[in-house]
Amino acid sequence: SQQGEEDPQALSIQEGENATMNCSYKTSINNLQWYRQNSGRGLVHLILIRSNEREKHSGRLRVTLDTSKKSSSLLITASRAADTASYFCATDGGANSKLTFGKGITLSVRP
Amino acid sequence: DTGVSQNPRHKITKRGQNVTFRCDPISEHNRLYWYRQTLGQGPEFLTYFQNEAQLEKSRLLSDRFSAERPKGSFSTLEIQRTEQGDSAMYLCASSLAPPDYGYTFGSGTRLTVV
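Residue numbers (our numbering), protein chains in the order written: chain A, 112 to 222; chain B, 2 to 115.
Just chain A, with the same shape it has in the complex (with noise of 0.2 Å):
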């Protein structure tokens, strides 16, 4: 079973503007994910933040998290073409649990 949801599943943005994607789960976590998916590649690992965590920033990404809500959101900032794929939120339950993937969000970026 899929945990995380993302909103809105395609999202489509002229380049030079912020994208800003948003994932709801149901159980607690131990931390949250976010993967980035290239078309028919495997998942690259965005960042990582822990559920005593609020905000965390990584060159033009920027994550937050809201265990109250049990939602997150990933803000990418003045987005490149090269930024067009698919979005994945990702929940760990703890130390021995596994990742639970949402459905993802498809970004398109226009040149």
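There's no promise every hint is true.
Said to hold, decoys possible - Covered stretches of chain A, going by a simulated chain B footprint (3 or more residues, C-beta under 8 Å): (1) 134–145; (2) 160–168; (3) 175–189.
What the hints assert, rightly or not - Here are the computed lysine to any residue pairs in the SDA-like style, where the Cα-Cα straight-line distance is at most 20 Å: (4) A/Lys214 x B/Ser59; (5) A/Lys181 x B/Asp101; (6) A/Lys214 x B/Arg60; (7) A/Lys214 x A/Leu122; (8) A/Lys137 x B/Gln42; (9) A/Lys214 x B/Ser88; (10) B/Lys12 x A/Ser150; (11) B/Lys58 x A/Leu122; (12) A/Lys214 x B/Gly86; (13) A/Lys214 x B/Gln42; (14) B/Lys15 x B/Thr105; (15) A/Lys214 x B/Lys12; (16) A/Lys214 x B/Arg82; (17) A/Lys137 x B/Ser108; (18) B/Lys58 x A/Gly205; (19) B/Lys12 x A/Gly151; (20) A/Lys214 x B/Lys15; (21) A/Lys214 x B/Thr105; (22) A/Lys137 x B/Ser59; (23) B/Lys58 x A/Gly151; (24) A/Lys214 x B/Leu40; (25) A/Lys167 x B/Asp101; (26) A/Lys137 x A/Thr175; (27) B/Lys12 x A/Arg152.
Since the hints were derived computationally from the structure, they do not count as laboratory data.
Keep in mind it's a predicted model, so treat the numbers as computed, not measured.
Using N, Cα and C, we set each Cβ at its ideal position, and we do this for glycine too.
Could you slot chain B onto chain A? The hints should help.
The following block gives chain B in isolation, referenced to the frame of chain A:
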């Protein structure tokens, strides 16, 4: 280390045949995971190993599926008597444990059952 390696990249097989996929994880990673992904969906968990021990198997993993990780290094995933519904991308990932680390995924093996 060149990351997680999966072979073959593509496999076309006839219904009823057996197939085996191989995954070579990052050498210092003691955890290895198998996921399955169909078009338009997120990866679905199949099973994972810590060293050579298989710690969890999904209910998705029917008795036609078996995975091994001998000596805690590479892993194989075998599907017996393949069905058309087995057509998917099979992804392998590895990580350090405890997993407050991200996973490193391979490029996947795309299986087509005809």
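Taking the hints in turn, this is what the structure says about them:
1. Note: the region 134–145 of chain A has 3 residues with beta-carbon separation from chain B under 8 Å; the three-residue rule is met and the coverage holds.
2. With a threshold of 8 Å between beta carbons, the proposed coverage of the region 160–168 of chain A by chain B is violated, since 1 of its residues qualify and at least three are required.
3. Beta-carbon proximity to chain B at under 8 Å applies to 0 residues in the region 175–189 of chain A; the threshold of 3 is not reached and the given coverage is violated.
4. Between lysine 214 of chain A and serine 59 of chain B the CA atoms are separated by roughly 18 Å; this keeps the pair inside 20 Å, and the hint holds.
5. Only pairs whose Cα atoms come within 20 Å are accepted, and lysine 181 of chain A paired with aspartate 101 of chain B is accepted, the gap being roughly 19 Å.
6. Between the alpha carbons of lysine 214 of chain A and arginine 60 of chain B the distance comes to roughly 19 Å, so the proposed pair stays at or under 20 Å and holds.
7. Restraint check for lysine 214 of chain A and leucine 122 of chain A: satisfied, since their Cα atoms lie roughly 14 Å apart, inside the 20 Å limit.
8. Between lysine 137 of chain A and glutamine 42 of chain B the alpha-carbon distance is near 18 Å, which keeps this suggested pair within the 20 Å criterion.
9. Taking the CA atoms of lysine 214 of chain A and serine 88 of chain B, the gap is about 18 Å. The hint holds against a cut of 20 Å.
10. A C-alpha spacing of about 18 Å is found between lysine 12 of chain B and serine 150 of chain A, which places the hinted pair at or below 20 Å, so the restraint holds.
11. For the hint linking lysine 58 of chain B to leucine 122 of chain A, the alpha-carbon distance of about 34 Å lies beyond 20 Å, and the restraint is violated.
12. A C-alpha spacing of about 19 Å is found between lysine 214 of chain A and glycine 86 of chain B, which places the hinted pair at or below 20 Å, so the restraint holds.
13. Restraint check for lysine 214 of chain A and glutamine 42 of chain B: satisfied, since their Cα atoms lie roughly 5 Å apart, inside the 20 Å limit.
14. A distance of roughly 31 Å separates the Cα atoms of lysine 15 of chain B and threonine 105 of chain B; the hinted pair therefore is violated under the 20 Å criterion.
15. Among the hinted pairs, lysine 214 of chain A with lysine 12 of chain B is inconsistent with the structure: their alpha-carbon atoms are about 24 Å apart, more than 20 Å.
16. At most 20 Å may separate the alpha-carbon atoms for a hinted pair to count; lysine 214 of chain A and arginine 82 of chain B exceed this at roughly 28 Å.
17. At roughly 29 Å between alpha-carbon atoms, lysine 137 of chain A and serine 108 of chain B are farther apart than 20 Å, so this suggested pair is violated.
18. Straight-line distance between C-alpha atoms of lysine 58 of chain B and glycine 205 of chain A comes to about 17 Å, which keeps the hinted pair within the 20 Å bound.
19. For the hint linking lysine 12 of chain B to glycine 151 of chain A, the alpha-carbon distance of about 14 Å falls within 20 Å, and the restraint holds.
20. Between lysine 214 of chain A and lysine 15 of chain B the CA atoms are separated by roughly 29 Å; this puts the pair beyond 20 Å, and the hint is violated.
21. Taking the CA atoms of lysine 214 of chain A and threonine 105 of chain B, the gap is about 19 Å. The hint holds against a cut of 20 Å.
22. For the suggested pair lysine 137 of chain A and serine 59 of chain B, the alpha carbons sit about 19 Å apart, so the restraint of at most 20 Å is met.
23. Under the criterion of a C-alpha separation no larger than 20 Å, the hint pairing lysine 58 of chain B with glycine 151 of chain A is inconsistent with the structure, at around 25 Å.
24. About 10 Å separates the Cα atoms of lysine 214 of chain A and leucine 40 of chain B, which keeps this hinted pair within 20 Å; it holds.
25. For the hint linking lysine 167 of chain A to aspartate 101 of chain B, the alpha-carbon distance of about 15 Å falls within 20 Å, and the restraint holds.
26. Note on lysine 137 of chain A and threonine 175 of chain A: the hinted pairing holds, with a Cα-Cα distance of about 17 Å set against a maximum of 20 Å.
27. This hinted pair checks out: lysine 12 of chain B and arginine 152 of chain A have alpha carbons roughly 15 Å apart, not beyond 20 Å.
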